[in-house]
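A.B. asks: Once you have looked at the hints, place chain C on chain D.
Protein chains: 2
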Amino acid sequence: MARVYAIKNFKINKENLALQETLFHNANGYIGVRGTLEESSAENMDTMRGMYLNGVYDIAPMKQAEKLCNLVEEKETMVNVADTQTIDLYFEGEHFSIWNDKISNFERKLDMEDGVSERKLDWQTRKGSRIRIEIIRMTSFEERALFTIDYRITSVDFCGKLEIKSLHKGLVQNYFNPDDPRLAGESHQHLQKKDVRIEGRESCLVSQTAKSKIQIASSVTHCIYKNEVQMEEKPPVYHKDEHSACLSDCIQLEPGDRIRIVKYTVFADSIRCRDCMVTARTKMEQILKKGIDFYYECQRKYLKDFWENAAMKIEGDEDMDSSVSFNMYALLQAAGADGHASIAAKGLSGEGYEGHYFWDTEMFMLPFFALTNPAIAKQLLTFRYETLNKAKENAALLGHEEGALYPWRTITGRECSGYFPSGTAQYHINGDIAYAIVLYYLCTGDWEFIKEKGLEVLLETGRLWMDVGCWKEDRFCINCVTGPDEYTCMVNNNYYTNACARYNLEWIGRFTDKFQKEDGWRSFADQMGLTIRELEEMDGAAKGMFLPYDEKLGINPQDDSFLSKPVWDIKGTPKDKFPLLLHYHPLHLYRYQVCKQADTILSYFLFPDYQDEETMKKSFSYYEEITTHDSSLSTCVFSIMASRLGMKEKAYRYLGDSAKLDLLNTHKNTKDGIHAANMGGCYMAIVFGFAMLQIKENTISLSPWLPDAWHAYRFRFRYQGRLVEVQVNRDESRIHLLKGEPVETEFYGAKKRLEEKQGLKWNGREVCFL
Amino acid sequence: MARVYAIKNFKINKENLALQETLFHNANGYIGVRGTLEESSAENMDTMRGMYLNGVYDIAPMKQAEKLCNLVEEKETMVNVADTQTIDLYFEGEHFSIWNDKISNFERKLDMEDGVSERKLDWQTRKGSRIRIEIIRMTSFEERALFTIDYRITSVDFCGKLEIKSLHKGLVQNYFNPDDPRLAGESHQHLQKKDVRIEGRESCLVSQTAKSKIQIASSVTHCIYKNEVQMEEKPPVYHKDEHSACLSDCIQLEPGDRIRIVKYTVFADSIRCRDCMVTARTKMEQILKKGIDFYYECQRKYLKDFWENAAMKIEGDEDMDSSVSFNMYALLQAAGADGHASIAAKGLSGEGYEGHYFWDTEMFMLPFFALTNPAIAKQLLTFRYETLNKAKENAALLGHEEGALYPWRTITGRECSGYFPSGTAQYHINGDIAYAIVLYYLCTGDWEFIKEKGLEVLLETGRLWMDVGCWKEDRFCINCVTGPDEYTCMVNNNYYTNACARYNLEWIGRFTDKFQKEDGWRSFADQMGLTIRELEEMDGAAKGMFLPYDEKLGINPQDDSFLSKPVWDIKGTPKDKFPLLLHYHPLHLYRYQVCKQADTILSYFLFPDYQDEETMKKSFSYYEEITTHDSSLSTCVFSIMASRLGMKEKAYRYLGDSAKLDLLNTHKNTKDGIHAANMGGCYMAIVFGFAMLQIKENTISLSPWLPDAWHAYRFRFRYQGRLVEVQVNRDESRIHLLKGEPVETEFYGAKKRLEEKQGLKWNGREVCFL
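Protein chains in written order, with my numbering: chain D, 179 to 948; chain C, 179 to 948.
In short, the hints are calculated from the structure, not lab data.
Among these hints, one or two may not hold up.
Intra- or inter-copy, both count: the list cannot distinguish identical chains.
When the alpha-carbon atoms are kept at most 16 Å apart in a straight line, the in silico EDC-like pairs for lysine to aspartate or glutamate are as follows [claimed, not checked]:
id : residue 1 : residue 2
1  : LYS241    : GLU252
2  : LYS730    : GLU651
3  : LYS241    : GLU251
4  : LYS280    : ASP790
5  : LYS482    : GLU684
6  : LYS692    : ASP497
Because the structure is a prediction, the values reported are computed rather than measured.
So here's chain D without its partners, still in its complex pose (with noise of 0.2 Å):
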């Protein structure tokens, strides 16, 4: 079956106008282009006209209410870049618009396969004429410049002038609602006019971003077809005051006409290339030479590999099936591929959290290109590496006398965060950084990745540990941070954190014992300054690192004071209070035991071997009972541990929980863009919760099991450059070494060696090989 997204004979309207620009989004982890309707919007429509340049952004201020010392008072935003969707239709002068009762047949997709958003409809005029609309819009993987938009209509009965009105603006605004916390709630001119080339059928309009002073170039391009054959059209017009440009072409219609409109849109910026003007002019010729079909097929087969490196397929359940490929769809169009930019929390499909990069990408994300996609994640990691002395000038100005401490928001690595109780005390970023890397090292096995990044990051927020961290008696505290739950801020000794550190602690030690024997290390050691003495030290911390536990009801407190507060009535409290944030004070919240996310739990997926499984599963009922998941990141590792701790009906339930929160816009601000990392931990539930998959040094560990609701499931992953499969059914469960060198496995507790195209199979008894 097709992986495909689907909508029929729905119809759009004010309500759910944005919500379908974000889920039609077309990305390709540079550009991001929201499903908007080519026709200019009705007044009073709710939507978000955007298209966004991974990485592209300007600076606001952002003040505060209170000028206290060192506090953020700018921060970067993510920038609407230009207008190339609009295109405007006049049928003898009647402006098609999907405002208009007479639409029938609508249909809009998302094709994954082909890599394609398409709406197609039919349209009656006023006088009764039919015609028919087919789009196709894509964003390029084999050119990233590359947004296309391919623009069919068909005279079923129509007869007269066909006006053709497409225009390509430069000087555009961001979305702007006030009211929502989540957004940015403010307007800025961020755009200014730099320069403007027009030259035949080319428009070429360079902006600048006011105080980033970042330049983007926009090329467009129209090729308009009648019946197959390729017409002259006008050359645009260029409007100076807006910096925008305009065609105009008229066409004469008859009953079974055929127009194609294929707009070709090439942006480039001065982040990527000096002169983004002939870089975007240059790209544009060589693609106008290639043409749309060319790049159709160079779409289709990226897509081809993507699928096949994945395979994750679910029987029996459509539903999940489809949520699951939109998910991992998704995934792959927000992902920054070059080193220069990272995953926002939205990806590139809206301007929710206005483009920040979080922990979302190391923590949800990462990890399922980590298994897939392993230049993907290295790439994401190299960004980190480069803006590791924005992280050591954040440590800086936190107070730190050593190490780095990453943002909790940002774009080039500034902390962008604005409330810092809930934004830059949650320290464990560094932890989730380190916690990555080490993560891609597993699955990938690149040591020199780790000796020319890695190991440098990792020492970094390893110092930064050593700073904040004190001793009391024997044990090494972590004071005044803030965990991944944000309804409880500013503690000492939060679980994660505490366990995020040790982690990232006792990793540099496995990887400066490794490092030490090779000739290499001399001049690393010279370089960082470090001493066998300050290891030691790391050691020693990491050691008697404290991780609370609390011995009369046998859990690990989420931090010291936690269990001291009385538990939140969350039975109690009106269903339209939900979620908390936006109903009550952060005092109050943080006032009691309530939990807006997985904290400990996380941690325990995370690090399993730092408790014993009845302490996790004491934990495990007693958070759940105080969880309100009013965050996105929450339900897949509730589904997750439930997995690994054998409750395989709320790990299922937490999963559908997770897979279709933008399908079904459960959060209810899905328009404002997707939440990416919920759709990488969606993935993780099946692959670490389900297959209960353990990615360790020199072995893989799996004990698939299946929900009852499915009928099989199966899925590939690379570990160390194998590809490996794993199938699961109603009868027996199977692994197969696909590609590559021989790997220790632990299949169902059996431990065994796979050979190339070896596999196993457990039968419910016993592993057995193939």
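C.D. replies: Here is chain C on its own, set in the frame of chain D:
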């Protein structure tokens, strides 16, 4: 010796101008006028040309960097209401200005017995003619709407034309310094033109605040005398655009001629009267009939009473004596006495903290008034009673289902704190207000006030403690609040807060017990919805209130987690890094044991019965080592407790730090206004510290000691309608009941009953009647 603060042969410059404006300000609890120079300022001078009316505010936006639920996004801010200070003189066209080298015999004086400020100097024109200038300013206690400038010019040997330009400007702006976090940091045009009336010698301008829509009328009239004979001056000219009027006059001078310009300003505002313009003009008419000398006489009489009531005098340390007088006088100037206003942190002397009222009033200033001028104390508490409804609204915004939470900073009773962790989270303000009500009751015995207003406040603040607190086993705990020490935020069981809450709840019990025996009880209880059960719960909470104690150190920890943090290295911190809040990120500060100010130590002074002396001593030593006194509310408290715990030398040293804080500008920000709380603290350090006064329900207890550096000191105070005098010298201490019913005293531990005019003497060995 007269109570005068004077400086002579002093050179005003760019650095000390604004400081001088604060120190020589005039205020009467309603009007505040900074000691700005009458002549227009030279360029680049950092001057805060301000005139304020207590309680007159506008609303300014206070944008939050992140819009969390129910955060405060608007603040009230004291507005600069008009400029009637400016008087420019031109001698044969040459502008008289202090920024001229030809100044001699400069003298500036605050006469605290006459209740005026004076500036005197001799000036030489470019041509060498000598002029004598003498300017006297007064804000009248007799007529609080009146401010006068009495400008006297003597020509020593000048011959020629004197031109006078005296300004009355309606549209002024507030001071603006974007760099200082303790000021507003932004400027808005708060005033708008409303009305104007020029008639004869009088100009009356009415302005209106932009958002709060408060009208302010200022009426100005000049009387000009030449050699004591009143002249007919030209009527003022009204400048329409600037909403200002200017009186111009031209007088021919001969050597020996004396000119006197008396400039009367009368204010009225729509908070306090219906038609401001009519009110101001009517008052002006009455005032002119009586003339300035009448008001000078009233002023002297008012202050004679004031000083006789307090009668504080220190012998053997002139500096200290005049500092203490300065402080007491400043407090009197600051205190709102009409129930519409309270005492701002900077009094009416400057725009620091935007004219906001804090806990400073109740905890540091009210005791002075309760002991010397109970009518003012009553008005201050009435202000809190009148704003109880806003405190209930505030509590609801914070998520409380019951009770009232007073705002951390406010003008009308609405919360104006932008950073809640060290603002709104300081719930102890509730207990502070309750404490002040009880103190007022103990000092005055005003049971009617308690029944009519005080008990209602205590009950609503008490209900908040019940709502925010929770039982943890047999301990009543209060989580996630901030104590007075702002270097530690949002903690559980802050000792100070819990002690405040306990006292609040205990006195609910005492007052209701007493009330229950009286007639009005039933209807009061019904009106308050008060049940026996609720009172029992409050009583239980008071008895079970958790006051943290550390067995090992034998001290009271500031909060549950305080002692688990590392100690800040105060001695190792460079001097230029103080105050720490200007140099370290708050998150960094929160992570250490370091106190901005007295916290637990303050509670020992307020609630001495809650701990034994041993614990208090150990705690004192402990906290002394980790307190930076970056807050001006700190050293006075340390002085009191040092006295009480027998550390006389320390007590004396801390008093020294406190007493001259503004006169010596030790906190380097007196230019923004006085530190009114510290001034009250200084008084308390002598009366409650040195004299060890304790006010109890039926007794006063004292055992005064004399610092080595002093020869003697004495003071008077009121106790439940009585007037008591205390005299301490090297040989003996005396207490006299000057006036009133017999009183039980505990003098150096000896319990004696004093009749009117009777006294006791302590000679170092025994107490005996005089």
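A.B. asks: Taking the hints in turn, state whether each one holds.
C.D. replies: Taking the hints in turn, this is what the structure says about them:
1. LYS241 to GLU252: both (7 Å within a copy, 13 Å between copies)
2. LYS730 to GLU651: The answer is between: 14 Å across copies meets 16 Å, while 22 Å in one copy does not.
3. LYS241 to GLU251: both (5 Å within a copy, 12 Å between copies)
4. LYS280 to ASP790: Classified as neither: same-chain Cα gap 64 Å, cross-chain 86 Å, threshold 16 Å.
5. LYS482 to GLU684: Answer is neither: 39 Å inside a copy and 76 Å across each miss the 16 Å cutoff.
6. LYS692 to ASP497: neither (47 Å within a copy, 71 Å between copies)
Hints 4, 5 and 6, counting from the list given before, are not met by this structure.
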